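Colleague: Chain by chain, the residues run as shown.
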Amino acid sequence: MTTTTLPDLTLPTRPSRLRETIAAVLVGAVVLVSIIGLDIPWTELSDIPGRVAEYLRLMFAEPSWEKLPRALFETWRSVSMAWLGAIGCVVVSIPLGMLAARGVGPAWLRFVLRRSFAVIRAVPEVIIALVLLTVTGLTPFTGALALGIAGIGTQGKWVYETIESAQEGASEAVRAAGGNTAEVTRWALWPAAAPALMSFALYRFEINIRTSAVLGLVGAGGIGTMLSNYTNYREWDTVGMLLIVVVAVTMVFDLVSGSIRRRIMEGGRARAVDR
Amino acid sequence: MTEAASTTQPDGVATPWSITLEDVSVTYPNGTRALRGVSAHIEAGEMVSIVGLSGSGKSTLIRTINGLVPATSGRVVVGGHEVTGLRGRALRQLRGHIGMIFQSFNLADRTSVLNNVLVGRFAHTPSYRTLLGLTSAADKELALRCLDSVGMLEKVWARAGALSGGQKQRVAIARALCQQPSVMLADEPVASLDPPTAHAVMGDLARINAERDLTVLINIHMMDLARQYSRRMIGLRDGEIVYDGPAASATDADFEQIYDRPIQSRDRMGSAL
Chain A
1 MTTTTLPDLT LPTRPSRLRE TIAAVLVGAV VLVSIIGLDI PWTELSDIPG
51 RVAEYLRLMF AEPSWEKLPR ALFETWRSVS MAWLGAIGCV VVSIPLGMLA
101 ARGVGPAWLR FVLRRSFAVI RAVPEVIIAL VLLTVTGLTP FTGALALGIA
151 GIGTQGKWVY ETIESAQEGA SEAVRAAGGN TAEVTRWALW PAAAPALMSF
201 ALYRFEINIR TSAVLGLVGA GGIGTMLSNY TNYREWDTVG MLLIVVVAVT
251 MVFDLVSGSI RRRIMEGGRA RAVDR
Chain B
276 MTEAASTTQP DGVATPWSIT LEDVSVTYPN GTRALRGVSA HIEAGEMVSI
326 VGLSGSGKST LIRTINGLVP ATSGRVVVGG HEVTGLRGRA LRQLRGHIGM
376 IFQSFNLADR TSVLNNVLVG RFAHTPSYRT LLGLTSAADK ELALRCLDSV
426 GMLEKVWARA GALSGGQKQR VAIARALCQQ PSVMLADEPV ASLDPPTAHA
476 VMGDLARINA ERDLTVLINI HMMDLARQYS RRMIGLRDGE IVYDGPAASA
526 TDADFEQIYD RPIQSRDRMG SAL
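Which chain is which? The protein sequence lines are A and B, in order.
Position one of the first sequence corresponds to residue 1 (this note's numbering), numbered consecutively onward.
Position one of the second sequence corresponds to residue 276 (this note's numbering), numbered consecutively onward.
None of these hints come from the bench; they were simulated from the model.
Remember, it's a predicted structure, so these values are computed and weren't measured experimentally.
Treat the hints with care, as some may be off.
Unchecked claim - Coverage of chain B stretches by chain A, computed from C-beta distances (three or more under 8 Å per stretch; other residues unrestricted): (1) 383–392; (2) 400–414; (3) 442–456.
Said to hold, decoys possible - So the derived label-pair ranges between C-beta atoms look like this: (4) B:Asp-469 with A:Ser-259: 35 to 45 Å; (5) A:Ser-259 with B:Arg-350: 51 to 61 Å; (6) A:Arg-102 with B:Ser-467: 20 to 30 Å.
A virtual CB, placed ideally from N, CA and C, is assigned to each residue, including glycine.
Whole structure, please, built from the sequences with the hints as guidance.
Modeller: Printed below as a string of structure tokens:
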């Protein structure tokens with residue numbers, strides 16, 4: 001290595017990092033406050049891995065397959081709940097979401113719909129299910145209803161965002177040909193947005209499959225209720241079997257639905273026109 | 276506005292309309308002044324090209340004729356109807372008599388060619404029928420004839436998105452013809468096409484003008500296409516008319532005045548072969 005004297009570099013002044021510093025301090029403060037508020041049993045932390053391993057052994061060393069038929073039946077009820085909920089949600093949110101899109105519905109209606117979607121989004125499915133339970137009682141139908149209502153918030157938002165991002169061109173052409181707003185929506189926006197909306201509908205079904213298990217925990221029926229019951233009975237070998245079923249079924253539905261969605265989004269053949 | 280305003284002949288050819296612009300100005304909400312006091316009269320059955328650089332106001336001018344862009348001041352009269360005073364249903368009825376094609380074709384890509392062409396019947400059909408997709412036999416027949424007249428009949432069941440650029444523009448022309456229009460507007464119809472296809476589409480428009488005696492207005496920035504396919508040329512610069520005269524005899528100097536710069540190679544499309 002030769003040491004040659006390089007000319008001094010004139011560094012530009014470093015930009016202020018005050019904002020980043022303040023953000024870091026704030027995040028740190030929030031973490032500290034949360035730890036204090038939670039009352040964490042520090043001395044028992046070291047026992048947790050061992051205890052988790054113990055329960056995992058109880059559940060999965062020898063899962064009991066005796067209740068499998070019953071579990072599959074309850075799974076079917078959960079899937080039905082998810083499916084009905086998804087259909088209800090989509091049937092309601094597509095027209096409402098379209099009316100909430102800029103350029104389709106009038107401004108006052110857009111405002112009302114968007115606020116309603118936001119309110120629904122703010123309420124978790126479980127809360128809606130708990131409220132409905134007091135009205136309709138303990139049935140899987142309550143779960144379907146809760147899933148249907150709770151989904152409208154997000155689904156409606158997806159619909160109007162998709163419609164608004166549909167390309168301008170075809171709409172202009174329909175308007176230039178003398179079409180009214182309804183015709184623009186039906187023959188320019190809908191063809192452009194339909195595959196994305198179908199895909200979102202299937203995605204809603206996937207989400208509902210996962211959520212339906214949670215709804216079962218509060219008593220809406222299906223596999224979640226069975227899981228909750230056997231956890232209370234402390235029959236860990238059955239709980240293990242149920243968990244395996246839940247995970248396997250969820251994964252299978254995700255896979256199938258996901259591959260259908262991919263096919264929808266990437267096209268395929270045009271629907272035959274039968275007129 | 277009534278259907279009788281444009282007397283449709285039995286073979287589906289409507290009577291052409293004249294167009295009058297009186298001191299038309301357009302200022303967009305963002306403050307852009309796209310047109311400044313434009314006046315022109317276009318006879319029924321004329322084929323006129325509107326030449327200018329992008330941003331000169333061509334697209335705005337052509338859109339004031341069917342009311343897609345409302346004129347801020349001045350009068351636009353098409354076939355005896357004052358576009359500037361029309362709203363709602365009356366405006367949609369008028370648009371039904373004015374066909375339009377676009378640079379980016381503006382088809383609904385995910386539906387069939389036939390459904391796209393049937394859009395041309397919307398202004399002449401009750402909404403409940405178009406929304407439910409209930410096509411009358413007469414409308415379907417007309418749509419098929421329009422597709423045939425641009426040589427696209429064999430693609431009738433194809434998805435519009437699966438067509439090439441030139442094919443899409445022909446379907447778009449069929450969609451406009453299906454309106455049985457009295458005026459045809461074309462906004463940069465060949466700017467997205469290669470030279471042979473561009474000449475074919477311009478040839479289609481010239482043929483429509485000649486055969487159907489239709490008033491045709493074409494926005495274009497290619498000087499050779501303007502000279503070759505139109506008789507009259509209107510030059511726009513910064514929202515004002517700077518040339519209005521015969522197209523074939525327009526000199527390079529005339530074009531340089533419209534473009535406000537020397538002519539460049541991209542101002543010519545080139546020949547078809």
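Colleague: Taking the hints in turn, state whether each one holds.
Modeller: We went through each hint and held it up to the structure:
Note: the stretch 383–392 of chain B has 7 residues with beta-carbon separation from chain A under 8 Å; the three-residue rule is met and the coverage holds. Look at the stretch 400–414 of chain B against chain A: 5 of its residues bring a Cβ nearer than 8 Å to a Cβ of that chain, three or more, so the hint holds. Closer than 8 Å: that is the beta-carbon criterion, and the stretch 442–456 of chain B has 4 residues meeting it against chain A, so the requirement of 3 holds. Take Asp-469 (chain B) and Ser-259 (chain A): their Cβ atoms lie about 38 Å apart, and the range 35 to 45 Å holds.
For Ser-259 (chain A) paired with Arg-350 (chain B), a C-beta distance near 59 Å keeps the hint of 51 to 61 Å intact. Evaluation of the 20 to 30 Å hint for Arg-102 (chain A) and Ser-467 (chain B) yields a pass: the beta carbon distance comes to about 27 Å.
Checked against the numbered hints listed earlier, the structure breaks none of them; every hint is satisfied.
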